[in-house]
Each structure stands twice: as structure tokens, then as C-alpha cells.
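J.: Here is how the chains run, residue by residue.
There are 2 protein chains.
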Amino acid sequence: MGEFMTETQQRPAGARPSTETLERRRPIATDRDGMPGPLDGPEAAVILERARMSVDPELRAAIESLPPSMRRVALYHFGWVHPDGTPAAGNAGKAIRPALVLTAAGALGGPRARAAAMAAAVAVELVHNFTLLHDDVMDQDTTRRHRATAWTVFGEADAILAGDALQALALRLLAQDPHPASTPAAARLADCVVELCAGQHADTALEKRGPGEVGLDEVLAMAEAKTGALLGCACALGALYAGAAEEDVAALDAFGREAGLAFQLIDDVIGIWGDPSRTGKPAGADLAARKKSLPVVAALTSGGPAAAELAALYELPYDKEDLQRTALAVERAGGRDWAQAQAADRMARAMQELARAVPDPEDAGGLLALAEFVTRRSN
Amino acid sequence: MGEFMTETQQRPAGARPSTETLERRRPIATDRDGMPGPLDGPEAAVILERARMSVDPELRAAIESLPPSMRRVALYHFGWVHPDGTPAAGNAGKAIRPALVLTAAGALGGPRARAAAMAAAVAVELVHNFTLLHDDVMDQDTTRRHRATAWTVFGEADAILAGDALQALALRLLAQDPHPASTPAAARLADCVVELCAGQHADTALEKRGPGEVGLDEVLAMAEAKTGALLGCACALGALYAGAAEEDVAALDAFGREAGLAFQLIDDVIGIWGDPSRTGKPAGADLAARKKSLPVVAALTSGGPAAAELAALYELPYDKEDLQRTALAVERAGGRDWAQAQAADRMARAMQELARAVPDPEDAGGLLALAEFVTRRSN
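Protein sequences, first through last, are from chains A and B.
The number in this note's numbering is simply the position in the first sequence, starting from 1, with 70 added.
The number in this note's numbering is simply the position in the second sequence, starting from 1, with 70 added.
No lab work stands behind these hints, which were simulated from the structure alone.
Note that the coordinates shown come from a computational prediction; the quantities given were computed from them, not determined experimentally.
Careful: at least some of the hints might be erroneous.
For identical chains, the list gives no copy identity; a pair is met inside one copy or between any two copies.
[Unchecked claim] The list that follows gives simulated cross-link-like pairs (lysine to aspartate or glutamate, DMTMM-like), each with its CA atoms no further than 25 angstroms apart:
(1) LYS278 to GLU226
(2) LYS278 to ASP154
(3) LYS278 to GLU317
(4) LYS390 to GLU128
(5) LYS278 to ASP389
(6) LYS278 to ASP430
(7) LYS390 to GLU226
(8) LYS361 to ASP261
(9) LYS361 to GLU401
(10) LYS390 to GLU432
(11) LYS361 to ASP209
(12) LYS361 to ASP392
(13) LYS361 to ASP126
(14) LYS361 to GLU265
(15) LYS361 to GLU119
(16) LYS278 to GLU401
(17) LYS278 to GLU316
Assemble the whole structure, with the sequences as input and the hints as a guide.
T.: What follows is the structure, given as C-alpha cells:
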């Protein structure tokens, strides 16, 4: 699953201080490079840091409760220890999902609901990391958060077992949480796991098919299952813990899903046209890997001569000379414009869903800031 | 994890009709071959068949709720479809674990408790099969229940995802079950998953070590985690659904664990001295694989000249000529006697725990029959 920007890729906190009020913010903006815009400020960074600080002790306590064989794999995966077990500085990602749980709970139920939603925040982060451990095995990915993936260090079997145990820990935390929302939250999170698995399956299945055999609807559905579902679930769990009405829980789920899709669209644009010095990935890495990302499939299915050229290029093995030509074909076939328009559209829908459940802009501000943060990782 | 006898290995129903009363049954018996004894009758078969009949529709409905990509893998794994998706006769194993849940609930709470425990019975069976799917990938086992394992048919990634989804389904079923015991049952089942993972890790880790580097205590602990834990959890969940007191839940857990260890001990004896025409495995398969099964480790750690001879044989690659010599060394070093005495001891402890929680032999009869059934699969 896509991972949000890491420490080194992130703009330094406060580098672009924002004084805009929420009302003045547009749902999604693009700067002069066509990249997502300059409208966030320190707020998202503060929310994320606060979430990380409150979630980490609980998360770590849950992981310390594991038997040693799985504990060491999980501690390594979260960046808390080196392969030999000695303590590490820690780089467990941005805690977007726990921040969404806590911020959604606070938006709908105030500070008390936020504080009460801790088990749900930890459970969502455990599920996210269980899927990362397993996805890395399945995709044979060797790097995650700038470190060797767990399976390359401990072997595939131990990475699979650690993932299995993290899923169990997540659902145990909810089963042991006395909060009345913990049971519906567990059912919702378990449903989300099934959807995440379906998304991962669809992703690998789509990548095996030829460039002419993939539809735009199915790639969008895959991205929603693989990326949108857990962001939606995180927001919905926060709403459940705030005691929100069913339609508000559904609206928060839809908000997270749409924001997640907007994130994936922007992430895919960056995967082609992002600045390597900012993204930390080589230029055009997704094109080199012949990845059927959203802008690529939009271009492939657009039907013009640029689409045919792109399809022909994608049938060939990667050639460095072709990189610019491939990127240009995606652009000329409308893939870039489509992805950016779609991202803006998804963010607009996310805002609508948010406004429906949380009409007061002051209450909605934190969720808005997080949604904007995740959709502009290149800036 | 060990799988109990399958259709083809099983003695035909009623082939040895038993008229013994429960009082006359000894905890564990051996027949003239030194194999576990002739004391069961049709009762266990009837209980298992009844459990299979009541659990299968619910189990199948849960699996049918999966997205198609994982549904087909799970349906195949349970024996309900062929690799191409066409219906198959079905051979989903003996349903020992769901039968333990339902029978324990009935023993402590009567027929109403038995009927109310259905979600727990299905959840336990889903967890068992999730671990089988993952273990087969990790161990690269190619056959399960006389069919090709799921990963050999659908690939490792899809088998991992199907296992992940089955774990989620199990915990979702409990989260959606309105019974007051469903939440503590979910916490207990999630804890058990962590223990099963630790057991699987220990098993593969022990197999990688030299014959002189494995202690008897750690092999027993591994077998308890890998085999005993889920049988214990199944019984404990039944007790929870019957509204039993905490000490009775603990006693039922201990009963299942001890019976599970007895099963593993007998299974390991059969793995060396069992009749291939009855076990369906080639003679001495465990010795050929240099498996550090319980009788082997007992022999290796016994300290005499036979132990030294066995260790020397285990250091060498397998040679068919040595098979009888190896089996004889295990026997002369006391491995066979130890395993059978341990199995009898474990079954005696299981009976004590059962009698503590369910003093009336009439009420305890079903659980007793199941425990005896699982510990004599060769007959």
C-alpha cells in the first residue's frame, strides 16, 4: 500500500507557514509546476506529531506484548530497533491513520472522545503495518521507509507471522477495550482488512495484464480498496468512538476514502513527474517499472494516437532513452490532466462529505488539514 | 499444524462398535501394537458429523461473503471447489475444533448454549484454516488433505491473502455476534492466534537446529503452542458461551491443551512406527525428513549410547538403509516409551481438568469421546 511521505521527503516543518483561514482554503490547489498546492501550514504537522506522541506508547506496549520471535520483527519494522535488536531512532511513518481516528473522534465528539479513541487509533496503525509486512513479501519489495524490508532481514516466514500477529493484536485491542464503540469498530476494521486484501490482489493481478487489458474503472476500484478503504475506516472508527449517528459515520468513511483516492492520484502523478530530489525515487520510476498507475491507465484508455504510442512503449522492455517519450505520451494522451482533475474532484467530494458530518469549519479543520497534507506530499 | 485423520485414513464408522460406558473407559489405552487403543465407538463420529453439518452452512456463508479473488482460494482450500471453480465433493477435515466449541458449550450450558455458540465454532474453524494456508506457504508443503495445497494452485500471494482474510472473517463473525460472550471470546481467539504464530515460528526454528541443540522442554512448549493452544481455545470459547465461571473456562482450556499435546505425542509415534497403509504416509517419513518430533527429541536428550547413535544418524543425510536402525535407536533410547507414557499422562491431566469443570460424567461424555478420538488416529 502507498506510504505517505517520510521524514526525509517531507518539507521541513514550518517552511511554508500558512496563515490562511480554513474558509480561504480551496479543496485542492496546484502550484506553477502543476503539483498539488501550497495551502497547508504547520497545522497538519502538529496534528501528526501529537498523534504520534500519544499513539506510540500504546502501540509499543502492544508490540512488546508479543512473544520474542515476532516482537523483534515488529520492532524492526516500526523502526524501533536495528536488525541486531539494538535500539534505533525510530521512523514508523507519519501516523496519518491514527491521526485520522483521533481527529475524527475529536471533530465529532470533542477532546473526551478523542482521548477515548486511543485503542482504535492503535488498532488501525497495527492493521496498516500488518498489510505492509505482507505486501512487501508478496511484492518482493526490498526497501520500506529507507530501510531493508523485514522479510529481507528475517526471512519471509517470520515476516508473514509477524503480520499475522499484528492483525490479531489489532483486533484483540478492540475486543479488550471497554468503550461501547469497540465492537462495531472491530467489525468495521475486520471488514476493511478483507477489502485491503482484495485491493492488494487486484493490484498484483492488474500488473500482470497487458497495457491494453486494464480498464480505468477497475484501477480506480483497486486504488479505493488498497488505499482509500483504510483511510475511510480510520475516520469511521473515530466517528463511532464519538458516538456519531450512522449517517455521519458513513460520511466520515466516504471523506477518508475520497481523500485516499485523491492521495493516490497525486502520488501517481509524482511517480511520473515528481522531482527525484524531493520524492527520493529515481525519475520516472513507475514508468520504468511499467506500472499501470492511474494516469497511465487513463492515458492508455483515452483512445487517441498518444494512447496507441504509450501502449506500444509499454509492451517493450524499459529503455532509459524512452523515459521522456513515455512520460510525454502519458501527458499528451491526457493522463496527467485527468489525474489532476480527478484528484481535485475527489477532494471536493471529500470536503462535501466532511461538511455534511461536521458542519462547523472550526471542528472540521483538523481533518481538512490532514486531507490536504496527504494529497500534496511532493511539496 | 497437525491435521487430524482424514476420510481415507479413518476407520470406517462403526467398524469397532463400542458398548463401553464412559466409566469403563480408561484415559488412554494401547492395543497389541503399542498404538493407541480400541476404546472409542461411534460416539465421536456422530458428534463430529453433527458439528460438521451444523457448522458448514455458516462457514460456507462466511466464505461466500469474501470478494471473488479470495473466495475461490478459500472454497478450494476447504475442498468445496476444484481449482477451476467447479463444485467438489468437499473434504474440509474432521471439524474437531468446532465440535469442541459446541460440545464444550453443551457440556457446561446445555443444548441452548450449544446452539448459541455457533459463531464461535465457525470462528475457530476459520482461524485454524487461516493458519493452515499460511503454514503451507512457509513450509512449502505441497499436499494437504490429499489435494494440492492452495499456494501450489493459486500462488503464494493469493494463499497469503486468503489466510489474512479468513483471520479477519473469524474476528468479524465474533464482533457481529450479539451474544455477551462474543467479546471475551474474540480477545481469547486473538491471543490464541499470537500463540499459534509463536508455535509455527518455534517449529521452523527448531527444525533448523542440529540434533544436539534441541531441548525436550522447548519441543513440548512448541507443540503446546502449535497444536494445544487452539484446541484449548476452542473448549474455552464453548465454556465462555455457556456462561461458565472463569475457573471452569480455564479448566476447559487446560483440558483442550492437554488433549492436544496427547494427540501430538501419538501423532509423532505414528509418524515413526505407524502402518503406512493406515496412516497414508510412507513408513518413517518423519525420520527420513530428520524431523525433531517429540519421541526423537526425548531419545536425543536421554544421554545413553542409543542417544549418541541417533544423533550421529541425524547428522547424516537420509539413507533408506538406515531407516530401521534409526527407528530402533529412538526406541532403544526410550523415545517411544516416553512418548506413550507422556501421552497417557497428558490425557490423565486432561480428564482431571474436565472432571473439575464438568463433574457429571454424562455431561462430560462428548468432550471425553472427542479427546479420545483425536489421540488415536491410527486405528
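J.: Check each numbered hint from earlier against the structure, then list the numbers of those it violates in ascending order.
T.: Those not satisfied are hints 3, 4, 6, 7, 8, 10, 13, 15, 17.
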